[in-house]
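Peer 1: Quick note on my numbering: the sequence shown kicks off at 1295 and runs consecutively.
Bear in mind the hints are in silico, worked out from the structure with no lab data behind them.
Ideal Cβ placement from N, Cα and C applies to all residues, glycine included.
Among the hints, erroneous ones may be present.
In silico EDC-like pairs for lysine to aspartate or glutamate, Cα to Cα no more than 16 Å straight-line [what the hints assert, rightly or not]:
hint	residue 1	residue 2
1	K1419	E1445
2	K1341	D1435
3	K1373	E1299
4	K1419	D1380
If you anchor each label on the Cβ, the simulated ranges turn out as follows [claimed, not checked]:
hint	residue 1	residue 2	range
5	T1308	V1376	33 to 41 Å
6	E1410	A1318	15 to 23 Å
7	A1350	R1301	18 to 26 Å
8	D1378	T1399	16 to 24 Å
9	L1305	A1447	16 to 24 Å
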Amino acid sequence: MSAVEARLAELGLTLPEVVPPLAAYQPAVRSGAYVYTAGQLPMVEGKLPVTGKVGAEVTPEEAKELARTCALNALAAVKSVVGDLDSIARVVKVVGFVASASDFTGQPGVVNGASELLGEVLGEKGVHARSAVGVAVLPLDAPVEVEIQVELAE
């Protein structure tokens, strides 16, 4: 077991199976020393646990937890192309999309769910640049979607 997966286990988390693509794309692609993930929805065992807009049908607290799930799914996607999460040198960038009610402005707090998970799992290697964007709708009416870019150790 890798050190990263051991840390996940300490946190009571398990790396899920890679979420199959919903369209014509790959869950993650490696280019040189970088891995880019596709946007990861908060799928759990092939299903969205909650749908709707944050600030309407979904609370910010629920959405923050869903963002954690997105980040976990993103780590699974990274592992699918590199084989070992210990090869991550650092998370470079996180982009979070939040399907938002028209008056909801707490996107950064929601995407903190993903950022905090990456920090808990990877420590200093999980510190990253980030964007948190409010959008009208996401695939399958998901409340949150997260993509990450990681740099691999040489």
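Peer 1: Against this structure, judge whether each hint is valid.
Peer 2: Comparing the hints with the structure gives:
Restraint check: the Cα-Cα separation between K1419 and E1445 comes to about 10 Å, which is no more than 16 Å; the hinted pair holds. Distance hint between K1341 and D1435 is fulfilled; the C-alpha atoms sit about 12 Å from each other, no more than 16 Å. The hinted pair formed by K1373 and E1299 meets the criterion: a straight-line CA distance of about 10 Å does not exceed 16 Å. The straight-line distance between the Cα atoms of K1419 and D1380 is roughly 10 Å, inside the 16 Å bound, and the hint therefore holds.
Checked against the hint of 33 to 41 Å, the C-beta distance between T1308 and V1376 comes to roughly 18 Å, which is inconsistent with it. For the pair E1410 and A1318, the beta carbons lie near 32 Å from each other, so the given range of 15 to 23 Å is not met. Checked against the hint of 18 to 26 Å, the C-beta distance between A1350 and R1301 comes to roughly 35 Å, which is inconsistent with it. Roughly 39 Å separates the CB atoms of D1378 and T1399, a value that falls outside the hinted 16 to 24 Å.
The hint said 16 to 24 Å for the Cβ distance between L1305 and A1447, and at roughly 22 Å that hint holds.
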